[in-house]
Amino acid sequence: MQFAGLVVVGIIMLVFLGVQGLKLQFFFGVIIPYLALVVFCLGLIGRVVKWGRSPVPFSIPTVHGQQKSLPWIKASAIDSPVTTAGVVARLALEVLFFRSLFKNVKAELGEGRRLTFTWEKWLWLAGLLFHWSFLVVIFRHLRFFTEPVPAVVHSLGSLDGFFQVGLQAFFITDLIILATVLYLLLRRVCIPQMRYISLPADYFPLFVIFGIALSGISMRYFFKVDIAAVKKLAMGLVTFKPVLPEGIGVIFYIHLFLVCVLFAYFPFSKLMHMAGIFMAPTRNLANDSRARRHVNPWNYPVKVHTYADYEAEFGRKMEEAGLPVENSQAKVS
Amino acid sequence: MASVPKPDQLLKIDHRPPQTGWMDTPVVFKKGTYSHAAKAKNLEAVDLPNPRDWSPDQQDWKLPENWKEIVLEGLRERLSRYRSLQIFMDICVRCGACADKCHFFIGSGDPKNMPVLRAELLRSVYRKDFTTAGKILGKFAGARELTTDVIKEWFYYFFQCTECRRCSVFCPYGIDTAEITIIVRELLNLLGCNIDWIAGPVANCYRTGNHLGIQPHTFKDMVEFCVEDIEKLTGVKIEPTFNRKGAEILFVTPSGDVFADPGTYTLMGYLMLFHELGLDYTWSTYASDGGNFGFFHSMEMAKRLNYKIYAEAKRLGVKWILGGECGHMWRVIHQYMDTMNGPADFLEVPVSPITGTRFDHAGSTKMVHIAEFTADLIRHNKLKLDARRNDHFKVTFHDSCNPARSMGLFEEPRYVLRNVCNHFYDMPEGTIREQTFCCGSGGGLNSDEFSEMRMRGGFPRANAVRYVREKYGVNTLACICAVDRAALPPLMQYWVPGVEVAGLHELVGNALIMSGEVPRTSDLRGNPLAEGDGDGDV
Amino acid sequence: MAMYNGRSIVTGLVLFFALLTFPFWYGLGAAPAPEPDLNTPAIQKLVEKKCVENREFMRANHMELLKEWRNAVVRTGNRVYIAGDGKKYEMSLQNTCLDCHANIPPKQVKTTSNQLSQVQFCNSCHSYVGVKPDCWTCHIQPKEGR
Chain A
209 MQFAGLVVVG IIMLVFLGVQ GLKLQFFFGV IIPYLALVVF CLGLIGRVVK
259 WGRSPVPFSI PTVHGQQKSL PWIKASAIDS PVTTAGVVAR LALEVLFFRS
309 LFKNVKAELG EGRRLTFTWE KWLWLAGLLF HWSFLVVIFR HLRFFTEPVP
359 AVVHSLGSLD GFFQVGLQAF FITDLIILAT VLYLLLRRVC IPQMRYISLP
409 ADYFPLFVIF GIALSGISMR YFFKVDIAAV KKLAMGLVTF KPVLPEGIGV
459 IFYIHLFLVC VLFAYFPFSK LMHMAGIFMA PTRNLANDSR ARRHVNPWNY
509 PVKVHTYADY EAEFGRKMEE AGLPVENSQA KVS
Chain H
306 MASVPKPDQL LKIDHRPPQT GWMDTPVVFK KGTYSHAAKA KNLEAVDLPN
356 PRDWSPDQQD WKLPENWKEI VLEGLRERLS RYRSLQIFMD ICVRCGACAD
406 KCHFFIGSGD PKNMPVLRAE LLRSVYRKDF TTAGKILGKF AGARELTTDV
456 IKEWFYYFFQ CTECRRCSVF CPYGIDTAEI TIIVRELLNL LGCNIDWIAG
506 PVANCYRTGN HLGIQPHTFK DMVEFCVEDI EKLTGVKIEP TFNRKGAEIL
556 FVTPSGDVFA DPGTYTLMGY LMLFHELGLD YTWSTYASDG GNFGFFHSME
606 MAKRLNYKIY AEAKRLGVKW ILGGECGHMW RVIHQYMDTM NGPADFLEVP
656 VSPITGTRFD HAGSTKMVHI AEFTADLIRH NKLKLDARRN DHFKVTFHDS
706 CNPARSMGLF EEPRYVLRNV CNHFYDMPEG TIREQTFCCG SGGGLNSDEF
756 SEMRMRGGFP RANAVRYVRE KYGVNTLACI CAVDRAALPP LMQYWVPGVE
806 VAGLHELVGN ALIMSGEVPR TSDLRGNPLA EGDGDGDV
Chain R
5 MAMYNGRSIV TGLVLFFALL TFPFWYGLGA APAPEPDLNT PAIQKLVEKK
55 CVENREFMRA NHMELLKEWR NAVVRTGNRV YIAGDGKKYE MSLQNTCLDC
105 HANIPPKQVK TTSNQLSQVQ FCNSCHSYVG VKPDCWTCHI QPKEGR
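Chains as they are written, first to last, in our numbering: chain A, 209 to 541; chain H, 306 to 843; chain R, 5 to 150.
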């Protein structure tokens, strides 16, 4: 954890020195974002293609509900899907609502050798709120990358900014993302088993995201920057005519650089669960392996013990026991 | 059963992780928590590498010279063959949702029994040798060097996973530790590191067709013992056939049912049912085991052992295959057999000759589970049943991991149970159906020397049984798995004394009214029927 | 290089990248960034062309200043703002800000509410960055002839 924390602090210092001291605005404002995006795209494609090049040799869905067998037994269309629609619904519920995580029960060994189970909803709730908030925040940022800003971005912004502080809309997702990242971090630190299994690679993205959220919120409510200038920079990037407007505070560069770090880090990390969830054979296959044959592309022939081998060894005993055989040895001898 | 500490002693479980990080905590081979090494002769029997006699608790494992190269090359090959492995190596976020879902973690408190950490044992090596970040950043990226200590750790912990897939139900990405366990066991096999409880049955099964090494004439004898018992009990003479060409149906069941109590009672149930139906079926002494310990060994071995089922069906010219009660056998049949040894285009889509029901859901594999078959019979009123003959049983049902989480076979056995006994009580939600707990002995781990770990792993299952025992007076744990029938009796004796274990078709056999039978005075086990039970007052 | 289930995977990737790169292709026809028009009669008349505070501060913090003004006027009745350089201004959106930053001083214009804000100066940036100013919820928004 310390290691991951230090790296993130180091990153922030680096930007501060680079922008404030060395005036490397062009580097941090133009070169790095392009670089990060290229790394993200190529990395993500590379990883997904790598996954795709390995086949799914067997049909191994984890079945969560009654199979489709006899017509009078009600089958579970989503938890034991047999149709594409069922599989899509199952995946959609998984991706949009974290359905498996929702089932999370905590096992505890209590008094009198008793094992009790309680519904553990906090991880699910925090995880879900975190991901949805993140998505809304990203979507809201489209106002910096589009001209004219699409109406839907406005609508979502007004919904998210339903509450107000002062004259400004206060985005509830800002608060949620900070709170949930903090929760996810704290449970890693405070629950002994969680701390035991956690790697620097688990803390690092949490710190980066926390840094992104914190710098973004600071920029919005405390250390204000000229956002028209920020948009000029952003539009310069997306129209491939990069410009560096004057007067954007260093806090913006910190925010931007952390975002770039997250993007560039993404394809090489566990964050790839975003793509992986769609490709996990335990969730994206139908439970129809007895009705439709699943083909394994590398199904190589194996050495087997044929019936002939079997009878060659046991034929005489079989005959003596009155079991039918293919080649009677009694006749031969 | 080998000596195991008393239950209260065993339950002093500390779930807090140790002070040292998991990479720095070496594995300790403690008696009762690991299984004996595979004997050289059992590896030689199926041409496996590095056959030798060795023991896990000794320093020198007699690994081949280039063991590291073998493992890394093996891993590389498997990464290119299994998308599941590739993805499960890359996307785990270590959220910890799986941690307390594993029966071995609940029962032992050993952090490396948390599915997430079990998988990290392999992931750390994957990162070191197959990812750039791991190569450069090493430990900071969660990577570690592959050493003989890692091999020992793998052996210990991947033979402490029963491949039950419960963790996969709760994982938000469906990461399935069973997949990882299968792969690591394959890698260990490349070095000749297996346990004898798997290697022995595999060697037997390859040669004789069944795990117990029962030769054809003995197999016939053993089934005929049951036939005699049935005649004594019911007065009905049954004449099963073996290796008979031209039968309509080939019946395949785990050999455990032929071999020992209480499986034999289940076998009697099958025999009685098929006789009563006048089913045109045959046993096979060659395909004399549907169970497949090869599956606990490697995919290749699973295929080698599974081969005989279709081969025998083809040789005998049957129309379709009926499968008995077994857990992992049904995982292999439902999710692998058709892919591995199919297509079974020489068979027909199964149709019940009694009810005319066409089992389209098994239309490609052409093999039907007996619970499906019997449920269909009962639904069509084709069986005369007297459920009162099971009135001395207060029954609960253990969903075996594989038919549950790999098939979704939940309602069929329950429907049968409700029709053959009057007292059926399900265990609480969260411990049944897709969330069912393992018996603690699956995955090839039901060896005697592994008893302590089996009792630990079986504790969550036993705990749920105890709940219904206290609440409803349950005294019988029904199941549809041969490993269960071997593993659950000692488990019940240890944690919940007074609960017997019975196969579903044992209870069917009890309730089944056969034409021409004499009034029954006892159940299939020879227990006298309770007052008012049975035929006396029909 | 062949992929298994390649069609689904490629479709997924294409969809994802189509969404991801939305700003790029949407931005192809984007109008250039607006420059707020400072060429109003009132500004032309100024000797020193300077707002109440310096330009950088105003660009980033005008909403803070307006909030301060609002609180001062509405809650304490104080209408005099002393700027950083010591100059005094009347704290009034319509009489001070819009006096300069509108082509026609709002005092002389008949205004109707419920119209989109047509103050070019505010709007040029506000609609560019997609922020709806909160001024016109209380103030009647002036209508400029353009």
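Derived by calculation from the structure, the hints in this document are not laboratory data. Keep in mind it's a predicted model, so treat the numbers as computed, not measured. There could be a bad hint or two in this list.
Stated by the list, open to error - For each label pair, taking beta carbons as the anchor points, the in silico distance ranges come out as:
1) R:N99 to A:F347: 37 to 45 Å
2) R:E94 to A:G374: 49 to 57 Å
3) A:G374 to H:Q324: 44 to 52 Å
4) A:W340 to H:R663: 41 to 49 Å
5) H:T453 to A:K314: 33 to 41 Å
6) H:K336 to A:V397: 53 to 61 Å
7) R:S128 to A:S363: 21 to 29 Å
8) A:V512 to H:P658: 42 to 50 Å
Heads up, the beta-carbon is just placed ideally off N, CA and C, and yes, glycines get one too.
Status of the hints after comparison with the structure:
For the pair N99 of chain R and F347 of chain A, the supplied restraint of 37 to 45 Å holds, since their beta-carbon distance comes to about 39 Å. For E94 of chain R and G374 of chain A, the Cβ-Cβ distance of about 21 Å falls outside the hinted range of 49 to 57 Å, so the restraint is violated. With their beta carbons about 51 Å apart, G374 of chain A and Q324 of chain H fall inside the hinted range of 44 to 52 Å. Under the hint 41 to 49 Å, the C-beta atoms of W340 of chain A and R663 of chain H, about 46 Å apart, fit the expected range.
Checking the proposed 33 to 41 Å range against T453 of chain H and K314 of chain A shows it holds: the Cβ atoms sit about 37 Å from each other. For K336 of chain H paired with V397 of chain A, a C-beta distance near 37 Å fails the hint of 53 to 61 Å. Evaluation of the 21 to 29 Å hint for S128 of chain R and S363 of chain A yields a pass: the beta carbon distance comes to about 22 Å. Checked against the hint of 42 to 50 Å, the pair V512 of chain A and P658 of chain H fails, with Cβ atoms roughly 31 Å apart.
Violated hints, in rising order: 2, 6, 8; the structure is consistent with all others.
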